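Asks: Sequence:
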Amino acid sequence: MAEDLQLGDYSGQTVRMSIALAEQEAQVYQSVVVAGLQEATGGTIELVAIESADVVRTLEAQVQSGNIQIDLLAQDNNSLAPLVDRDLVEQLPEAEQILPAETIESIKEVLLFNDQYYFLPARPNVQITYYNSNRFTEYGVEPPTTWDDLMSVAQTIRDAAGVGQLSIQGEAGGAVGVTTTQFIWQAGGDPLMLNTPEAAQAFQFMKDLQPFLTPQYPTATFDTTNTYILNESVVLAQNWPFGVNIIVDEGGKEEVLTYPGWEGPVGNVLVLGGDVFGIAKGTPNRAMALDVAKFFMSRPVQEQLVAQNAWPSMRSDALGAVEDWQTPYFETINEALTHVQPRPNVTYWPDVENILTNAFNDIVTGQAEVEPTLERYQGEIDTLSGGA
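Note that my numbering has the sequence shown beginning at 7, numbered continuously upward.
The hints are simulated quantities; they were obtained by calculation from the structure and are not laboratory data.
Honestly, I wouldn't trust all of these hints.
Listed below are the simulated EDC-like cross-link pairs for lysine to aspartate or glutamate, each with C-alpha atoms no more than 16 Å apart in a straight line [to be verified]:
1. K213 / E377
2. K259 / E238
3. K213 / E375
Computed from a predicted model, the values in this text were never measured in an experiment.
Make the full structure from the sequences, and use the hints.
Replies: Set out below in structure tokens:
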């Protein structure tokens with residue numbers, strides 16, 4: 007098991023890792039992962055910033071030329087199919103031996119293609135639901151736990167405040183992709199099959215919810231949502247956990263609490279976000295890259311990344327270093343991670359997100375008829391899948 011941390015001696019060796027990090031995240035990563043690995047093995051990690059969308063093209067050119075400049079990549083778990091399809095990452099038959107026993111079960115599915123391990127856990131992610139408990143008390147409402155509750159609470163808040171203060175993330179692309187996928191799943195549907203009763207139910211619900219949303223919802227995404235919660239133009243919203251540090255710690259809004267969210271007709275189903283590790287095909291530094299992943303997955307490293315970066319952990323036992331005030335938020339995160347599933351790992355998913363955006367804009371914002379609109383956009387998805 008990885009907890010034994012049987013790491014090699016890599017003095018004088020360097021692994022180049024492709025990873026996208028915010029400035030504050032990068033500082034913690036340098037002190038915890040990079041410096042920690044050097045102390046443990048003598049080896050160096052060189053962090054390389056390549057946009058997720060460019061990783062496949064960059065790595066493909068390197069593999070084809072035999073000039074591997076990226077050894078290890080932390081890649082969004084929804085962008086993995088092209089890496090496997092184009093034979094750009096190593097198979098990892100060692101994975102079962104080095105995965106910690108405490109690895110969260112729900113994240114294992116994305117590590118496998120055709121029942122073979124190609125990836126290892128890096129940073130899972132899941133949206134949690136934030137609410138302003140002071141405003142909820144003022145409005146006389148409780149955190150909604152079902153779709154019916156959500157509609158009722160949103161209307162009550164709108165009537166009391168004179169303007170909607172519920173937000174769903176409506177910015178084009180990935181934000182709407184997550185929003186619509188979660189509602190479709192909660193209705194029992196599939197985001198690749200829009201011409202179904204389940205998808206129609208999800209879009210009808212969002213359409214009916216729209217009059218009670220904040221006017222800011224079309225610009226709501228991972229960063230603006232934090233701002234809206236901080237300035238109290240929004241008192242209920244789903245967002246990624248990094249907002250906990252920004253809103254509660256840095257922003258001082260201790261009245262903002264969290265819970266795992268609401269259930270649709272088939273339950274609470276949430277998108278599994280975040281990154282996994284892949285090792286570049288043909289890298290001469292394969293052994294060191296594996297040990298970097300082992301070190302990253304160890305409990306002490308995970309505890310520091312949780313406490314300092316507010317990252318969800320790929321382990322179930324990594325809350326030991328969090329401060330007391332952080333504990334309830336990370337309990338929410340761990341509970342939310344029990345409700346996740348990965349998005350369809352198809353090579354054309356970015357195009358699907360654009361289609362979901364257009365459907366959302368037409369139906370939710372434009373109040374278009376649900377079923378004919380979804381039938382039209384299903385034709386676009388069928389064209390993608392037929393040519394994939």
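Asks: Indicate, hint by hint, whether the structure satisfies it.
Replies: Taking the hints in turn, this is what the structure says about them:
no.	hint	in the structure
1	K213 / E377	holds (12 Å)
2	K259 / E238	holds (10 Å)
3	K213 / E375	holds (10 Å)
When held up to the earlier numbered hints, the structure conflicts with none and fits them all.
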